[in-house]
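From these two lone chains plus the hints, build me the complex, please.
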Amino acid sequence: MESTKVLDAKGLACPMPIVKTKKAMNDLVSGEVLEIHATDKGAKNDLAAWAKSGGHELVKHEEDGDVLKFWIKKA
Amino acid sequence: MTVKAMNSSEVTKKVFNKEKLFVFDVRNETDFTDWKIEGENFQYLNIPYFELLDGVEEILGQIPTDMDVLVVCAKEGSSVMVAEMLSEAGRNVAYLEGGMKAWSEHLEPVKVGDLKDGGELYQFVRIGKGCLSYMVISDGEAAIVDATRMTDIFLDFAASKNAEIKHVFDTHLHADHISGGRKIAEKTGAAYWLPPKDATEVTFEYNALEGGNDVTIGGTTINIHSLYSPGHTIGSTSFVVDEKYLLSGDILFIDSIGRPDLAGLAEDWVGDLRETLYKRYRELSDELVVLPAHFMIIDELNEDGSVGEKLGTLFAKNHGLNIEDENEFRKIVTENLPPQPNAYQEIRETNMGKINPDIEKQREMEIGPNRCAVR
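Line by line, the protein sequences are chains A and B.
Just so you know, we're using the numbering used here here: the first sequence kicks off at 90 and counts up by one.
Just so you know, we're using the numbering used here here: the second sequence kicks off at 4 and counts up by one.
Keep in mind that the hints were calculated from the coordinates and are not lab data.
Fair warning: this is a prediction, and the values are worked out from it, not measured in the lab.
Ideal placement from N, C-alpha and C gives every residue a C-beta, glycine not left out.
Certain hints may be false.
To be verified - No more than 30 Å apart at the CA atoms, straight line, and that leaves these computed lysine-lysine pairs for DSSO-like:
#, chain 1, residue 1, chain 2, residue 2
1, B, K357, A, K130
2, A, K111, A, K99
3, A, K133, B, K357
Said to hold, decoys possible - Output of the computed footprint for chain B on chain A, the stretches with three or more beta carbons under 8 Å from beta carbons of chain B:
#, segment
4, 102-112
5, 132-145
If we strip away everything but chain B, and leave its shape as in the complex, we get (with noise of 0.2 Å):
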């Protein structure tokens, strides 16, 4: 029997659809157990590929045969062998193409919806990692927010739309993952923005995004209206587009809220999240549809596999923004936040071009989930 790669496309196909799949993860106990392939109807069996060595009889009877099998490892090696032990063994399974290095760099891009004056706005859902970019396009123009560094997808994206890219646009400097957003910059001629609260330290030139910036793409006017909201960062901003959709960064989630501690200010910047969430944001319309930077957990997938609810739901439904006791809420985001984000200072120093690691290391820094939330 022969075995199949499956690819990422195919499993976040998968994942967006809740179907089954037996996902047989030969990665050592801690990396599966720190961040894995998630699917609401996913089964799971974890077996070091080292302690299959010697056959995989003794495991045969846990690895169904009602059911699409698919073996993972970090690169694919280990799972192609794995794979080839089960088809040998009279199995019919699929391997993942490129592993979890190239789940973790998988993106799609789902429309999250139709601009008034004819223009689109597009979700890139990085699934393996929980990240969210946007494009928005309209008359041959676009606009990028929190690019991933897989800058093809979007040059590529934004080419068979015939759009050119103008804006790039990072509402923060992000801790948990690096920006593509200087490199689609260089490579456009389009002005690349950044907080300038959050790029005190950097070593290249940007446009200072803040509060009350207004951006048009294309000869129609969809404006960008940029709202300063600090909290996860000093300098966090967040977008009202068309009047409609508020990409709100790493501030809110569908789910939780953000973290203040990940450039170590937790104490500080604290106060500046309550405003942001308890008063810049609730003078904002309840029917603004919520497009944060990230998601935590499969479940804030909606049906088509977008992120996205509406603010007003979000001010009935996310836990983070029901917590009356300023001292609670304090406390809650200070104390006992969940581990910080692998590499996450290198990745604050790559961000801010202190640094320049090889593709091969930010590959590294960036491995596991994404943690830029508390909830």
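If we strip away everything but chain A, and leave its shape as in the complex, we get (with noise of 0.2 Å):
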């Protein structure tokens, strides 16, 4: 999955993962693909409400090991 920036944010705890992706897609233009990586547990759920309450796309995820990855197209 193509991505134009890549978020880290292994290690923190919520609310930090979510403060730190809205951000970083201020720093995108429509239709371009962030990438974050997360280790909190409560960011599945809330990145998938996030994104959606915005009108953003979560293209994707996946789970790498301890990893969660999320692929979230800017509306």
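Printed below as a string of structure tokens:
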């Protein structure tokens, strides 16, 4: 999956993964994809819900060992 | 304005005393709908923290100023952030220390009563998850029934009463929470008892708990008499303590009855459940006080926060004990069951000793309400 930017949020606890995701998304333009790596289990539901409420598209997510990976396309 | 922390014990007191509290839950909507802090006079607002990153001005009008406000999230971090934002906007609010994780693990000991020969019976109310554990104490000895995985509270409590833990029982192989029974037995040298019919796959040594077993606690004779009462699981066993209390495990609750499906055998076990509730329990004294291993809703709490009711009252009022038609009973407890508890298969395997998840994983497995009943 092609991503414009990768955000490393590993080791960060809630709410930081989403705070950082939001900031990183501000630097992207519509249609670009942000790839996020996180280890906080809560990030899974929260990122999906956050993306939905902002109109962004959660294109894909996968788990690589303990690392949760998300690809979100900016609205 | 500084942001205060409120701990689970303080919130529990508010639940017991039926105080007012405004719970501002900032977890996502799914988690909030699935499981929240329940209180009779609590009011709720759910807005996820990630919708408040730009500020709280827009929602200030929804936060009351005439009652205590508690901001709640999963693990504390987000609730601190939101509480600080509200504080900067001039509001006086608290956050829940440790979040729902701590709430799920909090146990509040409540004295149920004195026993005939000077002993005491305590109920440990796991308020956030609805689990109930018990400790019988008499003359320097203690027995524990259905302990949670938070074992320190039992060890500390027994120590504070100068009682040595001699016996630890599980009424059945639990599917909704991880048992602390084995761990307590290992730490104290106490005997760990489990019904053998539930223990066919366990990987450890245990004492076989079977109907008719009598255990005496203390120099005085506080008898714990076990009663084979299958239905929730095939091994489910109840206890009669001091001829006065019926510890019913997950077979009979205050306002509901046990579900027979969590080991995947609803059709096979429904007959046992029927027999236990409609025959075996009916031969017992109506005066016995039923003390279950769970409560489902906050309405089941008595004035002092304990959960218990006379067996005779339950025969009159509990719907699950008043379904005359056997087919209708069968239908109710095998169809339209509530969702199964989170990770219940993994929890059963943990309780069998087959898997050993780390503490973080154990917490995650236990998230959510217990769902062991059918109403």
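Results for each hint:
1. A C-alpha spacing of about 24 Å is found between K357 (chain B) and K130 (chain A), which places the hinted pair at or below 30 Å, so the restraint holds.
2. Between K111 (chain A) and K99 (chain A), the direct Cα distance comes to roughly 16 Å. Compliance with the 30 Å bound is thereby established for this hinted pair.
3. For the proposed pair K133 (chain A) and K357 (chain B), the alpha carbon gap of about 28 Å is at most 30 Å, so the pair holds.
4. For the segment 102-112 of chain A, the proposed coverage by chain B is satisfied: 7 residues have a C-beta within less than 8 Å of a C-beta in that chain, meeting the threshold of three.
5. Counting residues of the segment 132-145 of chain A whose beta-carbon sits less than 8 Å from any beta-carbon of chain B gives 5, enough to reach three: the coverage restraint holds.
Taken one by one, the earlier hints all hold for this structure without exception.
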